[in-house]
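Using the hints, position chain X against chain W.
Number of protein chains: 2
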Amino acid sequence: MTENFADRLMDAIARKKAPVTIGIDPVYSKLPPGLVGQAGLNREADLESSLDAVLEFSRRVIRLVAPYVPAVKINSAYFERYLWEGIEGYYQLIQEAAERDLIVIADVKRGDVGHTAEAYAAAHLADPDLAGADDLVGPDAVTVNGYLGADALDPFLKVCREDGKGVFVLVRTSNPGAAEFQNTMTAEGQTIAEHMAQLVAKWGVADGLVGKNGLSSVGAVVAPRDVEQAKRIRQILNNSMLLVPGFGAQGLGAAEVAACFKPGGTGAIVNASRSVIFAYEQPEYKQQFGDQWEPAIEKACQDFVAQIRQVAGM
Amino acid sequence: MTENFADRLMDAIARKKAPVTIGIDPVYSKLPPGLVGQAGLNREADLESSLDAVLEFSRRVIRLVAPYVPAVKINSAYFERYLWEGIEGYYQLIQEAAERDLIVIADVKRGDVGHTAEAYAAAHLADPDLAGADDLVGPDAVTVNGYLGADALDPFLKVCREDGKGVFVLVRTSNPGAAEFQNTMTAEGQTIAEHMAQLVAKWGVADGLVGKNGLSSVGAVVAPRDVEQAKRIRQILNNSMLLVPGFGAQGLGAAEVAACFKPGGTGAIVNASRSVIFAYEQPEYKQQFGDQWEPAIEKACQDFVAQIRQVAGM
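Going line by line, the protein sequences match chains W and X. Just so we're aligned: the first sequence equals residues 1 to 314 in my numbering. Just so we're aligned: the second sequence equals residues 1 to 314 in my numbering.
Note that these hints are calculated values from the structure, not bench results. Mixed in with the good hints there might be a few duds.
Because identical chains share one entry, a pair is satisfied inside a single copy or across any pair of copies.
For lysine to aspartate or glutamate, the following EDC-like pairs were computed, each having C-alpha atoms within a straight-line distance of at most 20 Å [what the hints assert, rightly or not]:
id, residue 1, residue 2
1, Lys30, Asp129
2, Lys212, Glu96
3, Lys262, Glu162
4, Lys202, Glu180
5, Lys286, Asp151
6, Lys202, Glu96
7, Lys158, Glu228
8, Lys262, Glu99
9, Lys30, Glu284
10, Lys17, Asp7
11, Lys299, Asp207
12, Lys17, Asp101
Chain W on its own, in the form it takes in the complex:
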């Protein structure tokens, strides 16, 4: 029988003792000089050269962090930017991560309805079913935008049930401008983010989605702006995994992150992207490692895991 996604994720977190995911968000202009100085990778304005550099960097990051973390979050936008060739590379990276026993969260934030949602679920969550592509695996989970309502999720939930995969619905995002919409109060006295959390909780208890740990395959993306908001959303989404972005670089503090976990340090996974993958740019790691960008990333990943382990009380 196919294992529930939340169970798989919880097990993977427990094995590595790391409720952490690393975000693969490569940007050419921030790649290590040692890498982009190589022949063939050194022309930013050239599609082939810049894409090759971005992919080589991403592959190396995945290999560096694989021993320490249970999951990576790969954001499709950074590959869509290189058109269809970028998308080919994006699917290759999913294979690369899967081969290293990492859980792959595809950060695609799609949201559409009916047949269009079916097409997105086939493209971005299911394992490809077309001869000519059926040796590929899809990611383990995907981020989705719930603005369009339950219809937008249904085709994804079908894949969750049948293939043991998961979704994370955007509830509260980490960007400075999120509050303008997401913190607007509803007539019920909740923020829009909390209202979305309630819908996610409801969608998540449908048949075939709750695992043996009591957690649903339907999780949420939550970057609370303060501890009170974190507690409210944690309570509403009592049976959901929270994917928590924005720690550090985007201003989320340890107290807010701690409030996203359930007692015992379960129920949440915290993402770091730039603070780890571009660690070689930071004075603290630069001083220690100089031009050695790979050890800098490895060390930043280890530091991040240790930090979140402590925050989670694991």
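Relative to the frame of chain W, chain X by itself:
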């Protein structure tokens, strides 16, 4: 000087006297038997064969409707479903439509923040700037999801200003389940959809976005559930183009559509997808054209234009 998107769209609508866009949402299982019976296009489970069929169909639909409508809406999901090869085809279709002087609305419903939003704007709205892809043009406008707030739009708005392009922000979608979230009341006594409309109106009046007709490059996707909702949203978005999906197949009536227009039949463009592109499946066209799927699509497009012209009071 680059012409404002809303001005370009209004001019194109006036030239064809057709406030109409046709949605390119191809699904293999619905393609005409006369097309999928051809060698090389007849294996649904094979990536290459099914994608070739979907692309050939889409190209022919674009050519059929080009004389009658000012714009097509191409939904990326139906091409993403065929992985990177599908995306290559998707960009080819954008070129095909642009060469026929059609305004291209890329229905991608993206929404992310910061650097990720920049990557999406580069991938899906700007003309590609990378050597190796710089002979391509991007679409004229794109649909975006505003759940993440203004940050998600900013990189797109930069392209709107610099290159005369446009965005349509999701306000009220046409699916049955849309109401659960979008009709929730805020503390101010509006629906969430109306609150989003207010934000869109605010974002749309920023410097460099309003054209000589007084309309903004920032439009909205609006499929109101009743005439009152249509009127309220039309009023809030007084200076925006409304992209109206869902007429016919998805249950939106003539009265709701009429209420989306400004006096004189301006300010809105109505989309039809399945009712036109799969017209050969409908008894009324089947009876008239038999297996001749191309004349059926052409006639359905003409009928749709005539119908909306009347509804708009043009």
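Hints versus structure:
Proximity of Lys30 to Asp129 under the C-alpha cut-off of 20 Å is restricted to the inter-copy arrangement: shortest distance 18 Å between copies versus 36 Å within a copy. Taking CA atoms no more than 20 Å apart as the test, Lys212 paired with Glu96 passes in neither setting, with 29 Å inside one copy and 52 Å between copies. In this homomeric assembly, Lys262 and Glu162 never come within 20 Å of each other (Cα to Cα): the closest approach is 27 Å inside a single copy and 48 Å across copies. Taking the shortest Cα distances, Lys202 and Glu180 sit within 20 Å of each other only across copies (12 Å), while inside one copy they are farther apart (25 Å).
For the identical chains of this complex, Lys286 and Asp151 are neighbours neither inside a copy (48 Å) nor across copies (31 Å), given an alpha-carbon limit of 20 Å. For the identical chains of this complex, Lys202 and Glu96 are neighbours neither inside a copy (34 Å) nor across copies (44 Å), given an alpha-carbon limit of 20 Å. Within a single copy, Lys158 and Glu228 get their C-alpha atoms no closer than 34 Å, and across copies no closer than 36 Å, so neither meets the 20 Å cut-off. In this assembly of identical chains, Lys262 and Glu99 lie within 20 Å of each other by CA distance neither inside one copy nor across copies; the values are 30 Å within and 56 Å between.
With identical chains, the CA atoms of Lys30 and Glu284 are at most 20 Å apart within one copy only, with a shortest distance of 17 Å there and 58 Å across copies. Proximity of Lys17 to Asp7 under the C-alpha cut-off of 20 Å is restricted to the intra-copy arrangement: shortest distance 15 Å within a copy versus 57 Å between copies. For a Cα distance limit of 20 Å, the shortest separation of Lys299 from Asp207 qualifies neither inside one copy, at 42 Å, nor across copies, at 45 Å. Taking the closest pair of Cα atoms, Lys17 and Asp101 come within 20 Å of each other only inside a single copy of the chain (15 Å); across copies the shortest separation is 58 Å, beyond that limit.
This entry does not satisfy hints 2, 3, 5, 6, 7, 8 and 11, going by the numbered hints stated previously.
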